[in-house]
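Undergrad: Generate the whole structure from the sequences, applying the supplied hints.
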Amino acid sequence: MTNTAGPGGGIKLTIEGASKNFGGVRAVVDVGAEIREGEIFAIIGPNGAGKTTMLNMISGFYHPDEGSINFEDHDISHMGPSEIAALGIARTFQNIALFRGLTVLDNLMLGRNVLMKTGVLSAFMYWGAARREEVEHREKCEDIIDFLKLTDLRKTPTGALAYGLQKRVELGRALAAEPQLLLLDEPMAGMNQEEKEDMVRYVLDVNQEWGTTIALIEHDMGVVMDISDHVMVMDMGEKISQGTPDEVRADPKVIEAYLGTTDNKEVA
Amino acid sequence: MKHLRTGLLAAGLAMSATTMVATTATAKDLVIGMACDRTGPTQTVGVVLCPAYHDYVKLVNSKGGLMGNKVKVVEIDTQYKVPASVEAYQRFKKEGAVVVALWGTPMTQAITPNLNADKIPGTSPGFGTAAAANGVKYPYLFPMAASYWSQAGAAVTFAKAELGGNIKGKKIAYIFYDNPAGREPIPVLEKLAKIEDFELKKFAIPPPGVEMKVQVQDITRRYRADFVLSHLFGKGPAVHIKEFKRMGYPLKKLLSFVWGAGEADINGAGGWAKAQGYNALNFAGVGSNYAVLDEIKALYKKEGKTGPEEMASTVYYNRGILAAAVHLKAMELAVKAKGSGDITGTDVQKGFLAIKDFKLGGILPPLDFTDIDHEGGGWARVFRVEGDNFVPASDWIRGYRDVVIQMLKEDH
Amino acid sequence: MFHRESGYFKTTYQADMALYPLPIGRYAIIAVGVVFFILCPFFLGEYYLSIINLVAIAVVGALGLNILVGYTNQISIGHAAFMSVGAYTAANLATKLDLPFWITLPAGGAMAALIGMLVGIPSLRIKGLYLAIATLAAQFIIEWIINHTPTISGGVAASIEMPRPVFFGIELANQAELYYFLIVIAAIAIVGALNLVRSRIGRSFIAIRDQEIAAEIIGINVFKTKLIAFGISSFYAGVCGVMYTYYLGVANYENFQLITSIDYLAMVIIGGLGSVLGSIFGAIFITMLPIAIRLIMESVGTIFVDDAALAQVIAQFRLIIFGGLIIVFLIVEPDGLAKLWQNIRNYFRFWPFSY
Amino acid sequence: MLVLNNIEVIFDNVILVLKGISIEAKEGAITTILGANGAGKTTTLKGISGLLRPERGDVTRGSIEFNGERIDRLTAHEIVRKGIVQVFEGRQVFEHLTAEENLIAGGHIVSKAVMRQNLEKVYEYFPRVHERRDVQAGYLSGGEQQMLVIGRALMADPKVILFDEPSLGLAPMIIEEIFGIIKRLNEQENLTVLLVEQNATLALEIAEFGYVMENGSIVLEGPAEALRENADIKEFYLGISSGEKKSFRDVKHYRRRKRWLG
Amino acid sequence: MEWQFLFELTVNGLLTGMMYALIAVGFVLIYKSTDAINFAQGEFVMIAAIVVAGMAVKYGFPIVAAIGVGLLFMIVFNFALERVVLRPMIGRPVVSIIMATIGLALVLQGAGPLVFGAGTRPLDIGVPDEPLIIGPLFMTPIDVVGAGISIVFLAVFGWFFMKSRKGVAMRAVADSHMISMAMGINVERYFALAWILAGVVALLGGLVWGSAIGVDTQMAALGLKVFPVVILGGLDSIIGVVVGGLIIGVCEALAAGYVDPFVGGGTKDFTPYVLMILVLMFRPYGIFGKPIIERI
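Protein chains in written order, with our numbering: chain A, 32 to 299; chain B, 28 to 439; chain C, 584 to 938; chain D, 263 to 524; chain E, 460 to 755.
What the hints contain is simulated information worked out from the structure, not anything from laboratory work.
Built from N, CA and C at the ideal position, the CB exists for glycine as well.
Each hint can be trusted.
Cut-off 30 Å, straight-line C-alpha distance, at most; resulting in silico cross-link-like pairs (BS3-like, lysine-lysine):
1. A:K284 / D:K445
2. B:K85 / E:K517
3. B:K228 / B:K198
4. D:K496 / D:K281
5. B:K97 / B:K146
6. B:K365 / B:K383
7. E:K749 / D:K374
8. E:K622 / D:K383
9. B:K146 / C:K679
10. B:K332 / E:K517
11. C:K807 / E:K749
12. B:K228 / B:K195
13. E:K517 / B:K329
14. E:K517 / B:K301
15. D:K374 / E:K622
16. B:K187 / B:K386
17. C:K807 / A:K171
18. D:K496 / D:K288
19. B:K301 / B:K280
20. B:K328 / E:K517
Residues from chain B that face chain E, not an exhaustive set, calculated with beta carbons under 7 Å:
21. A231
22. V241
23. R249
24. V266
Derived CB-CB ranges, DEER-like:
25. E:Y717 / A:D61: 52 to 60 Å
26. B:N416 / C:G628: 48 to 56 Å
27. B:G314 / E:F466: 41 to 49 Å
28. E:Y717 / B:V418: 36 to 44 Å
TA: Written out as structure tokens, the structure is:
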């Protein structure tokens, strides 16, 4: 498996000895990792291995009890989610977390919230700067709408969309923030083959055309092994393996903890 | 189904909109506007007082009205709410009211500025700001009966008499609703405490006072008051009678201001047997031994009905009679002065000021209205629970009138 | 209903984002509104004006509450308390410093906003019903403080007499004059609210309402945004309180007790949560419903009961009907009057070709 | 045993979700329904177990028969008493109850003695659940929760269990284990199973008969081995085109159309 | 003397607190099993007391018969209420359900006096008024009786909820309606049961409180006491209700006895709310309340 885009640049995100406990339960234990600029980085592992907790720590929803997380030059270990988002980290969620009462367009505009600065008073009057800003950002959102082929749906409330489309809008919302690092939590969960193929295509396009660094959690080994540059395997909160897809697939520890000793059809 | 629903709702809306435009029929009657509270926090009073008012007006109308002019009462239940009262007042004005009966202290305050502007006299018997009795400052507002200041004066007079004519060094507790109306008498009480040299301690009850065990316990077990003055309304009076009783405090040493002085309060406390000795301050007569009440009963009998149920609650019923009687007296004097039924609010205001020594067969104190005194003299009388009745425990009294008048004058 | 939507294409994003997407619709609405607004006092009696005035005041309060409850999903049962903060702030400024309304009005709003944000602080940790009860607590605490602080409340009576608003030397005293005063403020409040909810601020409110955690992670500072919502909502409440005070001529906390908070809650729920139009409908409906019920019962009531008993029956039934209608509305049309209006409009949009 | 005859489901009186679905689950067999998200699989299951009404849905046409008896008009709890229990997708436990209380609630309809026996049986199947029986169910791991909900369904002495995507969001190894248990239950307890899945590979492996659902209609049906060989199933559900597994890297935005009509 | 007064206040605060718990438990019951928030709990207590007192005073029923009628009324009434009003509201936003029950409260406020006449009535359940003095203890009999009734009811109810199979089922229903249905639990029957039980508690509350303070529509104000109690204890906890009730009872007593003199009074009704906010800041779901497990 060779990569066309490949990780070219330096290190985007560094995790050093991160640990997280929840009331005595050790969710993440002393995990270290590096995500390189421009790569697709996958985290895999059994349920409860601490994958989502890792993602939550990167996006600031949780803070590591020990260790640190650095994004570019910033120590983000103890920053709030909104500060981290402002630095250029966006994400999607395992269970779709769209704003169901709002249209596709408004969801994307919200994705750009971190880039906007209209205050209460100017919003109240909707005059001058406030209006200019709205229009400016609307243009950017339209680009993403085109890219994700959502043109017909921009004024549809997201609650009324089919599951696969909702996942796509969620991706769009994350992209709207023009992120440096995009975190995807099980982007293909609950999708059939056809929808998965679509989603993979968009993810690859984002990575290749815009050069966005991507970190994702995914259970579908087919997808993970095909598209990622690096894979980290977690179990019981610990990192048990890391490397290229081929290295990881051959690691006996991974087979024992996650992939199963049986001849797994999905991996084949 | 969906459409039917929508249609029904739309029709309902449309209906409520059209009624707004439809005006009620107008007749050439003398109109009185009456704000009532039959559903709000002071409903216990309203449900008796308001019917009494209607009964008296009916009686006068049955006798030919005021020199041939019939009297019409427009009543609106305000639920003790300010916006509703403002709307009600505007409605009264639209109906051409020449006098309005207000209800409730906050509502009275909200409407007072309008009275002067519109030149319509309004009345606030036994409530509202005490300073409003000053007719110079509020020419169109008539408290019409003893204000909270006058009640305080009368109460201390009574306490002094009960404690043997000297209250120097005695402990007097004042238990009151923790709102403006409840605090109103405090300046007078504090002044009198200085004059008479007694010890005054205040115990506030947050309205609506459904639970006040601790305060009563404090008064009886820690402070050990020699006499208690209480100023509660709504549910409070019944509760405090029960609590004092349960603490073993002699009710003879408890005097309630006018809004805790009714039969309803005694009933709520568990009946006459449980309230023996309880003292109640009143600004109208109590009991049914008055000619005017007999006339109303007779009127009902003529229609083939038994007398009004509300009459059993004599205290609040008689207050309704007082309000109606004074209003109609003022209007009558206005009609007489004018020589026709074509009177305005200003005429009625002058009518009020022309009332002198009006007693209505003893159910009222001798009421006199003057420019400075719009409360008719500030009379009050104490009635005590004995057996199954309220019996008079004092004569009509005006305690420390000089102090009250002085305060009235100071206020402007 | 003034227009058909076909044959018009938007060529700029700006046009697409305007409040009324069709220019003819926009001008028609503005023109009709302005004419109606100027003419009202000429054909309506004082009594009806007084009702409109009460409605105009209620609209402002309802808009504020809807921003908090409907758009941000932070339940508040203490709205009236913020009104009283505005009312007393303005009353003190107007009586002690002789300030004119165009200062007291925003000042009352600002003070209420400040207190509102203070009350909003627990909203970071407390959610749903727990927060609702916390705001109930705020209602009682604010009430108590005003009631017991003579420097705020103006003494024993806890009420301050308020001078009438003065506009270029003209004292606005009667219902018609007050009408112009109140309706302009209400109009500004409505347009402001419409602008707010379609801008960045409004969108982030809705984001918090729909998905609080997601909102935070896409970069909305949830705490700050909730505080802003509390602030704006309370600002509106404060302005509403000042309007009341100027209108009644007196600031009195007993006008702003729990039952008032509940009335406003009824307005936004019956009108439609998360809808500016709904707030207006709700304010109209809840203000006029008791009056309408009474008027209807006055005219037909004597058929069922005799005169003497009527007053009592009206009073009790009005409560029953009022409460009952609230329940029926909630069951039948959970999205409120705004939704009902939309249904009616959609019906007419295709009329006469409904299907 | 369980037969759906040409049923139609409408939500809110207007939205047609299922259009003439006919499915049969044979006694003692595992039958699977495959399909994309929103195809109507979950709705079909809820239609059987009587859980549509709380969501304002209704079976408006056709019939559902269980052992020859119509059940489409019964309420949810009556249907459970007939022996049909549904296991929801997404491991829905009673979060605030302990694991054991979850099981007790599951055995609500059987007598106390039977409930005790069933409890023993469930603990035998799922020793992990026994270990964690006093833990609040909300704090169990995903795999444990999945076992708990299956155990809870067993508490009601069911004849038929309807599984809704038991593999959703679980790790490959856990999925294997869960499917193993489903197969074991089917064989040892003679349970009839109706299995809704997106993971076509696994589902077709343990099932005997399968249906493919799209946009509220059945588009394909047949024995599992026949479906496994179907070219469209291979392409769109198993991700195999022209005989070999394709790489996701090579996927394009355009592709060949399916041969059935959705 | 001071220590004795403090002791008396505390004891009476505890007794009153138990009586608050009796009102609050109805609220918790409904919230736990149906997710509905009943702002009309005070009105339930009021209407129960009005029916009993009305039957006894207006129609001359013996008190036992009047209580019987009251019980029957509350069962039928709450059953109907659940059917007609609350069931269609399932799944609506919290604020809508709050509003519906407020609407209900208004209806009850209007209907109570219409049927049985306005005005305050006594409710005599045969508890004497004379104070009870045991050594240094000074108590009023109705408080002792009220607290006793409260303790017995709560104990029985607590056992039912935690230990019996029906109790487990009820908690299951509270946890998730949908899953409960799928498990063969007749959810609607448990909803009805919860409301009926709440009606029965309201009757007990109405008897105790009506006897203590007299019966009229103002009794509904007791409903406002419920909130600090249930929030402090945790909305869904029976033990929480008891603890919350006791804390609030004592807190009120001490505030009125020791804070009032310094600030000019009236602190009794709002100190519970202040206390409640403080507790909420540290425990957002009350002392015993279960946190909502948040996931993303």
